[in-house]
Amino acid sequence: MNDAVEEIKQKLDIVSFIGQYTKLTKAGRTMRGICPFHSEKHGSFFVYPEAQNWHCFGACNTGGDIFAFVMKKEGLDFKAALELLAEKAGVSLPSQINPAIKDQRDRLYEINLSAAQYYHNLLLNSPQAENARIYLNSRGLNEQSLADFQLGYALADWQGLYDYLKERSYSDEDLLKAGVIVRSDEGRIHDRFRNNIIYPIANYKGQIAGFGARVMDNSQPKYRNSPQTDLFDKSSLLYGLHLASASIRENNRAIIVEGYMDAIMSHQGGFTYTVACMGTALTERQIALIKRQTKNLVLGLDSDSAGEEATLRAIDYENQMESEIRVAVPEGGKDPDELIRHSPQSWQEILDNARPLLDYIFEHSQRGLDLNSAAGKSKLADHLLPIISKMEDGVRQSHYLGKLAEIVSTSQNRILERLKKLKNETRNAKVTEKEAPSGQAPKNPALEEYALSLLFTSAEVTRFAYNLHPEYLEIPQYRELLAIYNQSAEKDNLRPCLDENLREYYDNLMNKNPANDNIEDKFYDLCLRLRERYLRNLAVKLNQALSEINQPETTEYQALNDQCVKVNEELRSVFSLKDRRNQKQRRQ
Numbered sequence: 001m002n003d004a005v006e007e008i009k010q011k012l013d014i015v016s017f018i019g020q021y022t023k024l025t026k027a028g029r030t031m032r033g034i035c036p037f038h039s040e041k042h043g044s045f046f047v048y049p050e051a052q053n054w055h056c057f058g059a060c061n062t063g064g065d066i067f068a069f070v071m072k073k074e075g076l077d078f079k080a081a082l083e084l085l086a087e088k089a090g091v092s093l094p095s096q097i098n099p100a101i102k103d104q105r106d107r108l109y110e111i112n113l114s115a116a117q118y119y120h121n122l123l124l125n126s127p128q129a130e131n132a133r134i135y136l137n138s139r140g141l142n143e144q145s146l147a148d149f150q151l152g153y154a155l156a157d158w159q160g161l162y163d164y165l166k167e168r169s170y171s172d173e174d175l176l177k178a179g180v181i182v183r184s185d186e187g188r189i190h191d192r193f194r195n196n197i198i199y200p201i202a203n204y205k206g207q208i209a210g211f212g213a214r215v216m217d218n219s220q221p222k223y224r225n226s227p228q229t230d231l232f233d234k235s236s237l238l239y240g241l242h243l244a245s246a247s248i249r250e251n252n253r254a255i256i257v258e259g260y261m262d263a264i265m266s267h268q269g270g271f272t273y274t275v276a277c278m279g280t281a282l283t284e285r286q287i288a289l290i291k292r293q294t295k296n297l298v299l300g301l302d303s304d305s306a307g308e309e310a311t312l313r314a315i316d317y318e319n320q321m322e323s324e325i326r327v328a329v330p331e332g333g334k335d336p337d338e339l340i341r342h343s344p345q346s347w348q349e350i351l352d353n354a355r356p357l358l359d360y361i362f363e364h365s366q367r368g369l370d371l372n373s374a375a376g377k378s379k380l381a382d383h384l385l386p387i388i389s390k391m392e393d394g395v396r397q398s399h400y401l402g403k404l405a406e407i408v409s410t411s412q413n414r415i416l417e418r419l420k421k422l423k424n425e426t427r428n429a430k431v432t433e434k435e436a437p438s439g440q441a442p443k444n445p446a447l448e449e450y451a452l453s454l455l456f457t458s459a460e461v462t463r464f465a466y467n468l469h470p471e472y473l474e475i476p477q478y479r480e481l482l483a484i485y486n487q488s489a490e491k492d493n494l495r496p497c498l499d500e501n502l503r504e505y506y507d508n509l510m511n512k513n514p515a516n517d518n519i520e521d522k523f524y525d526l527c528l529r530l531r532e533r534y535l536r537n538l539a540v541k542l543n544q545a546l547s548e549i550n551q552p553e554t555t556e557y558q559a560l561n562d563q564c565v566k567v568n569e570e571l572r573s574v575f576s577l578k579d580r581r582n583q584k585q586r587r588q
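To convert, note that position 183 of the sequence shown is 183 in UniProt numbering; the numbers rise steadily by one, no gaps.
Hints may contain errors.
Below 25 Å or equal to it, Euclidean Cα-Cα: the simulated PhoX-like pairs (lysine-lysine) are [stated by the list, open to error]:
hint, residue 1, residue 2
1, Lys88, Lys41
2, Lys566, Lys578
3, Lys222, Lys177
4, Lys390, Lys566
5, Lys420, Lys403
6, Lys421, Lys403
7, Lys41, Lys420
8, Lys377, Lys403
9, Lys79, Lys9
10, Lys88, Lys291
11, Lys73, Lys291
12, Lys421, Lys73
13, Lys403, Lys379
14, Lys26, Lys41
15, Lys41, Lys9
16, Lys166, Lys177
17, Lys23, Lys291
18, Lys23, Lys88
19, Lys41, Lys73
20, Lys205, Lys79
21, Lys421, Lys491
22, Lys377, Lys334
23, Lys295, Lys23
24, Lys390, Lys379
25, Lys73, Lys11
These aren't lab readings, by the way, just hints derived from the structure by calculation.
Can you build the whole structure from these sequences, using the hints too?
As structure tokens, this is what we get:
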């Protein structure tokens, strides 16, 4: 598979490819344009023909190769990006040559469909499902909703579904890969879901990728999901999207709610352009799924978590959508499904009066603060200024800076001064020769392999995983593996979560056995070295971009210079940490 990746890179010129998304103009040895990922007036997006990579020095502050570009732009995982680029380059992938892999995925979809039909039939007809039917009826769901979303019921039996699927000649191995059964430590096989209401979760094509389940007693957790499989990645799916897509396009509007019942009741109430993020934090891939169909997004979140979620990724969402996002929150602690069940018109009014996301954040951030005190005002400014600073629209940014100044009873000039301090405006600072060599730091895949093999094989370094960032890794397959690791609940065994394109890389890392002593120190040192390499390369690109603009009085030059200062400071921090660690090791 590595040969296929390199062949794709050789056949697809990154300048020509990215040029299909944004106009690029020559700037010395680089190409420059408006970033295709966020709104901006001045081009902060650079493509490097010699290195065949790109970097955005604006709000994104990220970069990578052609694979990283496609994954970010289209909201795809590595496998999907690989398939898309292979098709464009005319490169045959092993999975395309060998139909067995495709046949296996199709077989897993068949298993999930059979399981969904089995569960649905039980819900409608089994005497044992009476309590489930009573519960769903008490939640206000009608027969049409049960059918549209194919809701089901899992018997309390240990092997009801297993026996049903075995009669259809599916192997234990395939049932385990689909995630519908479990093998215990003692080797016993049984159904994953028992005495649960079942919510089949489909991809945007309508193929069932996995299941959500709600317990019928007081046990915890109340909701469970299929494990991550070749088909099921919760961060890449939106519940109900296959049913909502046409309505989203027709209404040019999408609503994202939190739970299954919120989405189902929304459709039943006529709000058919609604999908659910299934109780998790929204991801870039989920936002990308919506962006393909509309730029008008409303977050219809539960009142108890809306503020936290909105604040967490506010500007990231808006930058990705390239549009203002609005927030609709039911009052009185109600969930959307409860409100729709009793008063659809009230929910319609809340949607019609949905507030801009930043306005909601302003209101939410003031709760619990004494804005009559200097400390309260300072704390509010500290919280909101980093959010406002990320805004690309200068008019909107000025509006919210003025709003913040009014709230904390100060002049907008004072707020601007604080914003400048936050951004560390040290215009004349330069990256020293020691900190930024004339050429980019050389690629060293061994560093990446060593760090990941320690992370994947040594439980004791799991708590230090936050030190290793995907952008530090230059090999796209390794970036994808680290991203999956960060999202996975079962970090000690990622293999079932991986497609065939990544398993060979994972197996190679797992078989390295890189260290057996001082593992934590070795991992931390590797993270420092990878961070240093990343920052050095970034500094080179920044200096190159500055030399080609060569107009110090312009806004874009100053913005790039700000980043140069920041990278300089981060490099100094890395060097300081390395020096302290070296001194400590010499004393030991």
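Checklist entry - Where does the structure disagree with the numbered hints, that is, which hint numbers, in rising order? => result Violated: hints 1, 12, 15, 21, 22.
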